[in-house]
Amino acid sequence: MIIVMLIGLAAGIFVGFAFDVSYPTEYSFYISMGLLAAMDSLLGAIRADMEGKYNNLIFISGFLTNAILAAALVYLGDRLGLPFYYAVILVFGGRLFQNLAVIRRIIIERYLAKKERDITN
Amino acid sequence: MKRKAILYFIICLFVGCSIVVLTKTVNGQHLFVSSKVLDDYRITIEGERKDMENIIKLTDESREELETLEALTAAHEDISREVEAKLFQDLHFYSLAGGYVDAIGPGVEVVIDDGTRDLEYGENPNDILVHDLDLLLIINELKDAGAELISVNGQRIVDTSSISCSGYTVRINGQFYARPFVIRAIGDGSRMSAALIGPGGYGTVLKDWGLIFRISILDDIIIPAYVEDRASKYMTLSTADKVKEGEKN
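Line order of the protein sequences matches chains A and B. Quick note: the first sequence uses our numbering, first residue 1, plus one each step. Quick note: the second sequence uses our numbering, first residue 1001, plus one each step.
Please keep in mind that the hints were generated in silico from the structure rather than gathered at the bench. On a predicted model such as this, the values are computed, not experimentally measured, just so you know. Heads up, a few of these hints could be off.
Stated by the list, open to error - No more than 25 angstroms apart at the CA atoms, straight line, and that leaves these computed lysine-lysine pairs for PhoX-like:
#	chain 1	residue 1	chain 2	residue 2
1	B	K1143	B	K1207
2	B	K1086	B	K1057
3	A	K53	B	K1004
4	A	K53	B	K1207
Claimed, not checked - Reference excerpt, derived from the structure (chain A facing chain B, CB under 8 angstroms, subset only):
#	residue
5	M1
6	I13
7	A38
8	L57
9	F59
What the hints assert, rightly or not - One-sided excerpt, in silico: chain B residues whose CB lies under 10 angstroms from chain A:
#	residue
10	I1010
11	F1014
12	V1015
13	C1017
14	V1020
15	V1021
16	L1038
17	V1158
18	R1179
C-beta atoms are modelled at their ideal positions from N, C-alpha and C, and glycine is treated no differently.
Construct the complete structure from the given sequences, taking the supplied hints into account.
Here it is, written out as structure tokens:
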């Protein structure tokens, strides 16, 4: 799974460099929000995978709805002149750290459990 | 399992791609463009486009005029009547614009007077007096808002007009005037008044200082002709061969 992800990242970076993608600067915030939503979904999926609760449908629908809501909030904030994107950054950023903490805990628990088994054997 | 791998791959691809795209364009700068800035740019662009259209229209009109005149000369017809009409039209315009005749038209009348409020302790009385600079700034704002003719206290503002401070009076075109000052301008009344009394307009600023500032939109503003001496001593007509290369701007 890690290999697939690394290949995906490398391919994405390659695509980004290979094709000279340009977009109007007013959309840079939407792309940032999409990036945050993608990273959040990715970490959430890894966590669910490790907890054994992974579901394809939840993964993809979560990513899409989160991205759409983030874009809608940015657009609304832009119209109203209010920095609504703070909400998106805070929620997604907070969830990133939370998911990472859970993943770390699971890995450490697995490691400790393995060590315990090794000692008892 | 396979589907999961594909999904992970797609999301990672997206993440990598957008990171690269963002870093390439943003270049480390914070690039949040507010809608107000966008709006300002849009208005500027529209204004420029309108200017271009106007210039194109002007050139078209001039070309048409030239073509008709050329056609008339080519047909060996007598064009003195057309030329005479055109000359009279020009004369009419230049005598109006130059201030040689009285003018009438719709516009605004601005009345400025010294403030009547009590001074704060230790406050400079200059704060509530009308100065030459106030008049100059208002005249400039009026011109910016499309004023065609302007007079101050009946003194026509022409190309050589000056407004300067002289103690408790203001010197306009060499004559001394005391408060109150009445500025009349012919032009688009609503636009000129909006420029002065809108938020941040100079009229609002004067009112905030405590001066008396009134503006009224009128249908028949009369602006008298320029009556002061207009002799010129130094300027002569420049012909093309006297201008050196590259000195024409």
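Consistency of the hints with the structure:
1. B:K1143 - B:K1207: 21 angstroms, holds
2. B:K1086 - B:K1057: 19 angstroms, holds
3. A:K53 - B:K1004: 13 angstroms, holds
4. A:K53 - B:K1207: Violated. K53 (chain A) to K1207 (chain B) sits at ~70 angstroms, over the 25 angstroms cutoff.
5. M1: OK, holds: M1 (chain A) within 8 angstroms of chain B, min 7 angstroms.
6. I13: 4 angstroms, holds
7. A38: Result: holds, 5 angstroms to nearest chain B Cβ.
8. L57: 10 angstroms, violated
9. F59: For F59 (chain A), the interface hint holds, since the closest Cβ of chain B sits about 6 angstroms away, which is under 8 angstroms.
10. I1010: Constraint on I1010 (chain B) satisfied, holds at 7 angstroms.
11. F1014: 5 angstroms, holds
12. V1015: Result: holds, 5 angstroms to nearest chain A Cβ.
13. C1017: Check passed: Cβ of C1017 (chain B) comes within 4 angstroms of chain A, closer than 10 angstroms.
14. V1020: 3 angstroms, holds
15. V1021: 5 angstroms, holds
16. L1038: 7 angstroms, holds
17. V1158: 45 angstroms, violated
18. R1179: Violated: closest Cβ of chain A sits about 43 angstroms from R1179 (chain B), beyond 10 angstroms.
In this structure, the earlier hints numbered 4, 8, 17, 18 are contradicted, and the remaining ones agree with it.
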